[in-house]
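S.K.: Given the coordinates of chain A, work out where chain B should sit on it, guided by the hints.
Protein chains in written order, with this note's numbering: chain A, 1 to 658; chain B, 1 to 658.
Please note: incorrect hints may appear among the correct ones.
No copy labels: a pair is met if it fits in one copy or bridges any two.
Computed list of lysine-lysine pairs in DSS-like fashion (alpha-carbon distance at most 27 Å, straight line) [unchecked claim]:
hint, residue 1, residue 2
1, K273, K360
2, K323, K337
3, K337, K103
4, K412, K435
5, K338, K323
Calculated from the structure, these hints are not laboratory results.
Small disclaimer: the values here were computed from a predicted structure and weren't measured.
Chain residues, written in single-letter form:
2 protein chains.
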Amino acid sequence: MDDRRVVVASVRPHVHNGRFAVKRTVGTRFTVDADVFTDGHDSLTVVLRHRLAGAPRWEEVDMASRYNDLWAAAFIPEQVGTYEYTVEAWIDHFASWREGLAKKTEAGQAVPSELLEGAALIEAAAARADASDREWLTVRAERLRAAAPEEERVREAMEPSLLAVMRRHADRSRAVSYDHPLPLRVERERAGFGAWYEMFPRSAAPRDGRGSTLREAEVRLPEIAAMGFDVLYLPPIHPIGATHRKGRNNSVTAGPDDVGSPWAIGGAAGGHKSIEPALGTFEDFDHFVAAAKREGLEIALDIAFQCSPDHPYVREHPEWFRKRPDGTIQYAENPPKKYQDIYPFDFECADWRGLWEELKSVVVFWAERGVRIFRIDNPHTKPFRFWEWLIEGVQRQFPDAIFLSEAFTRPKVMQYLAKSGFTQSYTYFTWRNTKSDLEAYFTELTATDIREYLRPNLFTNTPDILHEFLQFGGRPAFQLRLVLAATLGANYGIYGPAFELCEGRAIPGTEEYVDSEKYQVRVWDRESHVSIRDFVTRVNEIRRAHPALHQDHSLRFHRTDNEQILFYSKTSPDGADLVLVVVNLDPHHTQEGWLHVPIEEFGIAAGQTYQAHDLISDARYFWEGDRSFVRIDPQICPAHVFVIRRRLHTERDFDYFQ
Amino acid sequence: MDDRRVVVASVRPHVHNGRFAVKRTVGTRFTVDADVFTDGHDSLTVVLRHRLAGAPRWEEVDMASRYNDLWAAAFIPEQVGTYEYTVEAWIDHFASWREGLAKKTEAGQAVPSELLEGAALIEAAAARADASDREWLTVRAERLRAAAPEEERVREAMEPSLLAVMRRHADRSRAVSYDHPLPLRVERERAGFGAWYEMFPRSAAPRDGRGSTLREAEVRLPEIAAMGFDVLYLPPIHPIGATHRKGRNNSVTAGPDDVGSPWAIGGAAGGHKSIEPALGTFEDFDHFVAAAKREGLEIALDIAFQCSPDHPYVREHPEWFRKRPDGTIQYAENPPKKYQDIYPFDFECADWRGLWEELKSVVVFWAERGVRIFRIDNPHTKPFRFWEWLIEGVQRQFPDAIFLSEAFTRPKVMQYLAKSGFTQSYTYFTWRNTKSDLEAYFTELTATDIREYLRPNLFTNTPDILHEFLQFGGRPAFQLRLVLAATLGANYGIYGPAFELCEGRAIPGTEEYVDSEKYQVRVWDRESHVSIRDFVTRVNEIRRAHPALHQDHSLRFHRTDNEQILFYSKTSPDGADLVLVVVNLDPHHTQEGWLHVPIEEFGIAAGQTYQAHDLISDARYFWEGDRSFVRIDPQICPAHVFVIRRRLHTERDFDYFQ
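One chain only, chain A, in its complex shape (with noise of 0.2 Å):
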């Protein structure tokens, strides 16, 4: 039995009710709403109720109540961390019987028992506060009591004064808060918008038919900043296998001069502590890190948690792998493929403790030495309890990491990573080429549940997957695809040089590209005249310098009538910036057609004129109303991405719109 009589009978946002965190970056409004209620018709006071989480006191933000019961509020949260956050309500008494009064006396009715009622309400509320506002709230209640005209009293009551002291001794002791706190993982701005780059460093600048070192690698830094890119992605750089090494193209034996797949780690120079000795040393390593520092780049690295056969571990903890019956270790396989180079862990070993913390002591070892973004390959392959603590146990010690997890795989697996912990997900995008799939998806990743714990990051393309849009669709191809991961992802990424300089070449019937970086060094001609890094480097600008593309939770798809042309928005959190992507899906043909825009959702009224200022062709267009008519060579340029200016109030605007 308990009488407390409010109801807190939900917060929203929330993962499985406060199982897991909701993730935000630091900086950025955090809005949270409740449905509270109460029996009867008092008046309610509701609070949202936020700190980090440790932190002694909490801080509290009044909600305001909107329609239906519901009550929201928000906070800034300006540190990098776990918050939690919860709401608290009571009824306020005061408040229920200042409004009574009011509408008594309105009414005409004499309140002489009223006044007395508040009057007590005042001193009991006096009993709770410090000296100051006891001494102060004592005179008002006597003055109430006393024998001063109704009217006078009454107007005493309704003092505005009085109602903030007497909110700031509020009677709490029957408040009622939400089940429990819920958590809130606030990361670094990274974590929510950013542009990667995935290279080979082998293959960056190769000499006399052998592999570049991380040294030689350094050379395309400034290209690849200079294209707009924040994070520079590499595969494993640790010593590679030769037991079962894979030859070009996948071939099951590997001739002499191979260079293997960085993803068979392990070799004579060492594991996943280690670098491979053709990319050079440690010192190497931080060489690189600190040349791409300069250039505005942050190094990611590759977390494959797998062995070959020559790994240090294989001998060292036998006890981590599998033994077969014969005494051998248990290789890779999906029957009835064999992966005889790839040895798995075993995370039902009788050590799986010991396995666990090696494992975690992989990436501290890497965040020490100054990494702090890992792309992490297949996790659905281990269990989702371990990447939770294995996250969980980084951040603590380093909160500004981020992980990106490589999971193309079932949705409701690749969410639970995500709820696990990871920072940011790879996603279905590639598998997504027409309109209707694109709607779709992106609606529920952006405007469900799913947005409040899983960030996408779109690549366009990786070294295990050349989508057959791309092999077959041409430069308009990879430009319109380059265009839909940058803006409808706030973090997006390419392989690049295969992307900038539209390699299509797979092998018949599969994803995999021909003569694969996997397996061979590669030597690209970076000045190709394909190539489309000017392209990248505008989009890339375009992005930085709308705010209304640094997050996803604003995008909107809007109505064409062609089935071709895909049109959304996204709107900054302020609502200035407002960003128009048109785009012609069909990479062969010119496509025509009407846009619907909703002008009065973007505040512009039905006879104003408008300003839409294509970005990638700089041409300005004036529109007025809710329809406008694009045609699109891809040809030319297969998208459109508008800036929209809608201020054309006053000669000074015309200025603006220059």
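M.R.: Just chain B, lined up with the frame of chain A:
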């Protein structure tokens, strides 16, 4: 740290993750689904576990894998009471191994090592098994290790009987259960399906200018039963207060002959555990209940927790009421309105525990007298926790007790009362009269999570509500609202005889009846030519005969090309009974249009003829294809209620259509 690899991510249905119970009725299939997966590619076994709360052991049903890591199973709760259910899952290494073995042998690979692994798995299961299975399994393991040809040993390994015995002795040491068991409240059939008739007994058979007694009111029972009602609901039957008694048409002062409102409870003759002397004695009451029972009618009583100034509680327990500073007791008010004939209880009083116990004892008092259905007046003005506690306590003692919540209030408040334990809830049905409103509201009630805990009971009218649709729509309005209530809702009710006599006179600009029975005795002309008694009878017959109408979850709205024609279907859980309802929502004009019949959804082939039998007019139509034309003259009958007969394949079926 925890090395278990399975994730049971969510279990549905649930209400606030188990904070409240899901509701069902006895004997109906309860389907549960869950998101269950593990890392990697191992096989899973997933079971649905359920038991009556407190039972010593769980029942288990194997769950079947659907798509996208969704698993489902069902069970039929056979008892009234609270069940709990959960989902448990574990990795089935034997099944994984067996699957791999099959793929490898199909691909022609040798499997000597695999057979030894299988033998080890079988031996491990033998160690867990009882004596007889242990021996059987040990023999199997030996055969896999034997010198026999590999092909023969593989055949042994793949035997279905081996899989079954291995399943019985699965290694569940790392099994994972959902967060916690979820509660399921199973109630008797009447909770899920019933037609209610509300009646003031004093106006049932008045004579000589005075109201009828309960004995006299019995005369109406056969007629109400003949109309097909299941529940007869009586407004409060307790002594009515004299102080500040309201007169006819809610006038502030009552004349000497005015009988007063039954909701002003308590007088010289007693309070909530007494009977108004003008209605009779406890003996009369028991006689009335028994007479109703013989007619197949169950009595529902009104529980209105409030007092007239003359209620014994006011003298005996002044501490349960709020005192004003002038020493008087606070009457009900909604400033500036005053209700001086009603004293509300003060649920914030010091003796709230005593108050709660006394109020619960009122319900128990009548339950002990044989009443099991309670219609709760104004529950939203008493604490939610109070109701949760009261209903839980009463149902522990009387598992068949049914509580109908009279809450025409804010949607979240209405929903929270339902979550708190109310069996059924009044709805906004009376205020939903257009096609779009009806479709939106009933989709919300029957196709969202609300349906798991809120059972709608659709009243066409109440003593407080005569909607203007009935005020101005004439007889067709009453007929069409009856069809809507009776077919949209498995539970519905009318307040009669005002309803079946098409009483439409209201105080202008309000929903209040002229000469409301709340304040006076009414003499009704039951044989009036406007009576729709026979129509009500027919509709209730149809309801009883058609299992499709005994539940709400299968409700689906279908398209028509006329905004005045509403078209929907319900299907029985076994799919056999399919009822289509077509209503002309315009009581004044004939409306016509095309129905879009979703034949594919109904399991009807494109060229197949099916019969639509209108159960109201008894007309039979042969339809084909997905379009059908209707023309509905409200003066003849404003609705069709079709049963669809889909089998017409053989001559024998011809009989079935007669």
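S.K.: Honestly, which of those hints from before does the structure not fit?
M.R.: Nothing - there is no hint that the structure violates, so all of them hold.
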